[in-house]
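K.L.:
One letter stands for each residue in the lines below.
2 protein chains.
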Amino acid sequence: MTTFSTAFQKDLTQLMKWRRDVRHFKTDPVDEALLQECLDAFLMAPSVGLSEPWRLIRIESHAARTAALENFKAENDKALTGYRGEKAALYASLKLSGMAEAPVQFAIYCDDGTTKGDGLGAGTMPETRKYSVVSAINLFWLAARARGLGVGWVSVLDPERLGRDLDVEGDWTFVAYLCVGYPKTSSDHPELEQLGWEDRRNALPILTR
Amino acid sequence: MTTFSTAFQKDLTQLMKWRRDVRHFKTDPVDEALLQECLDAFLMAPSVGLSEPWRLIRIESHAARTAALENFKAENDKALTGYRGEKAALYASLKLSGMAEAPVQFAIYCDDGTTKGDGLGAGTMPETRKYSVVSAINLFWLAARARGLGVGWVSVLDPERLGRDLDVEGDWTFVAYLCVGYPKTSSDHPELEQLGWEDRRNALPILTR
Numbered sequence: 010m011t012t013f014s015t016a017f018q019k020d021l022t023q024l025m026k027w028r029r030d031v032r033h034f035k036t037d038p039v040d041e042a043l044l045q046e047c048l049d050a051f052l053m054a055p056s057v058g059l060s061e062p063w064r065l066i067r068i069e070s071h072a073a074r075t076a077a078l079e080n081f082k083a084e085n086d087k088a089l090t091g092y093r094g095e096k097a098a099l100y101a102s103l104k105l106s107g108m109a110e111a112p113v114q115f116a117i118y119c120d121d122g123t124t125k126g127d128g129l130g131a132g133t134m135p136e137t138r139k140y141s142v143v144s145a146i147n148l149f150w151l152a153a154r155a156r157g158l159g160v161g162w163v164s165v166l167d168p169e170r171l172g173r174d175l176d177v178e179g180d181w182t183f184v185a186y187l188c189v190g191y192p193k194t195s196s197d198h199p200e201l202e203q204l205g206w207e208d209r210r211n212a213l214p215i216l217t218r
Numbered sequence: 010m011t012t013f014s015t016a017f018q019k020d021l022t023q024l025m026k027w028r029r030d031v032r033h034f035k036t037d038p039v040d041e042a043l044l045q046e047c048l049d050a051f052l053m054a055p056s057v058g059l060s061e062p063w064r065l066i067r068i069e070s071h072a073a074r075t076a077a078l079e080n081f082k083a084e085n086d087k088a089l090t091g092y093r094g095e096k097a098a099l100y101a102s103l104k105l106s107g108m109a110e111a112p113v114q115f116a117i118y119c120d121d122g123t124t125k126g127d128g129l130g131a132g133t134m135p136e137t138r139k140y141s142v143v144s145a146i147n148l149f150w151l152a153a154r155a156r157g158l159g160v161g162w163v164s165v166l167d168p169e170r171l172g173r174d175l176d177v178e179g180d181w182t183f184v185a186y187l188c189v190g191y192p193k194t195s196s197d198h199p200e201l202e203q204l205g206w207e208d209r210r211n212a213l214p215i216l217t218r
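So the sequence lines, in the order shown, correspond to chains E and S.
For the first sequence, the residue numbers in this note's numbering are 10 to 218.
For the second sequence, the residue numbers in this note's numbering are 10 to 218.
Quick caveat, the hints were computed from the structure, so don't treat them as lab data.
What you are looking at is a predicted structure, and each value in this text was computed from that prediction instead of being measured.
Just to be clear, a hint being listed does not mean it is correct.
Identical chains blur together in the list; that is why a pair holds if it fits in one copy or across any two.
Here are the simulated DSS-like pairs of lysine-lysine, each with C-alpha atoms no more than 30 Å apart in a straight line [stated by the list, open to error]:
(1) Lys19 x Lys82
(2) Lys26 x Lys96
(3) Lys96 x Lys125
(4) Lys193 x Lys19
(5) Lys104 x Lys125
(6) Lys87 x Lys26
(7) Lys19 x Lys35
(8) Lys87 x Lys125
(9) Lys19 x Lys87
(10) Lys26 x Lys125
(11) Lys96 x Lys82
(12) Lys82 x Lys125
(13) Lys19 x Lys96
(14) Lys125 x Lys193
(15) Lys104 x Lys193
All chains, please: the whole structure from these sequences, using the hints.
P.N.:
Right, here's the structure in full:
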C-alpha cells in the first residue's frame, strides 16, 4: 500500500486551492519537456473500461489559432446579448479566454467511436467516455499548476464551427479548448469571484437517502 | 506566485500513478472527519461560470443501497449478454462494483437547472455543467487516495431507475455512483489491465493543426 505523508496531503490541498482557470497569460514559451511531463497525466487518468478516448489536437498554425479565436469572439459577443444592465456591463468587462496570448493551445476531443475497452462500463452511460476525457484534463491541469504553468478552459465556442475549421473526424466530440502558459498572476480565489460575478459556496450540502 | 517543490511534483505523479478505480473494499468504517477532508475538494473544484452544479446524495439506508445494488446487478447482467466467447467469460469474472462492501457511497448528480453563475460559459456547451461535476469528482478522488482511501466509480447503472428509487428532483442529471472506503489491495496498474481486459497506452498521440 503506497502511502502519502501528511505534508503531501497539505500541499495537495494547497495545489487544489491555488489551481485557477487562467485567462491572463505571459507570452513566454513553455519548455517542451516540461509540457510533456504535464501531458503524461493523460496516461495515468481514469477512463471508462480503459477506453482512453481522449484525442488531442495542438493548435499551432496561424490559420487554426485565428479560426479558434474568431469563433470565441463571435460566441462571446452572442453571449453578451443574453445579459442586461449591470450584469451585461460586468460580462463585457470579463476576459474569458487567453487564446490571444497563451503560447500553447489544445483542442481536446472525445472519440465516441473508439473500440478500445470494448464498451465496458459505457453501455447505459455512453457519456462516461466524455467524462473520462474531462478526468484526464483535470489531472493535466493539476500537473501543470504544480509546475508553475497555468491552464485555462475555454467553453465559449461553437463546437461545430471549430470542428469544421480544424478538419476534425466525424465521430469525435469537442470537449474543451485549453490554453496553457505561464500565468500573469496567482490567487487562491477564482477570477469570477474576485470580479463579483459569482461567489463560491463555503459548504457542501449533502442529501441522504 | 505559490510554487510547489520538485519533491511534491514527484509525489503528485505517484499519486496519479497509484490512484485506482477500486472495486474491492474492506468493510472498515471511514472516519467522518477524514471523509469531510476529502469532500472539501468539491469546494475547490473548477466549475463553469462558478455554477458549482454538483449535488451529492449519500446512500445510507438499507432500502437505498439495495435498490442501487439491484440496479447494478440487472444492468451488469444485461451488459454481459453483449459479449461472446472468451470476452463474455472474462466479463463475467470481473468485479465491476464495490457496492456490496463499500462503507460510504454517494450518488452524484448535476443540477442542470441551477441559476448559479448565470449561465456564464455554458451557452454553447451546456454539457460543461456536467463536466464541472466530473472535475470535482476527480479532485475528491485524488484527495481520498492521498489519505489512504479508495474510490470506485460505478457506471453500470440505469440512471432513470436510480433517480426514481432515490426520489431525485426532475432536472438533476445522474453523473456517477461512487464507492468509498479502504481498498483491499494497492497497485499502480488498473485492474482491467491486470486481468487482461484492455491495456493502457504508453504514449499520447497528438495531432497538430
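K.L.:
Among the hints numbered above, which are violated by the structure, and what are their numbers in rising order?
P.N.:
Violated hints (numbers, rising): 1, 6, 9, 13; every other hint is consistent with the structure.
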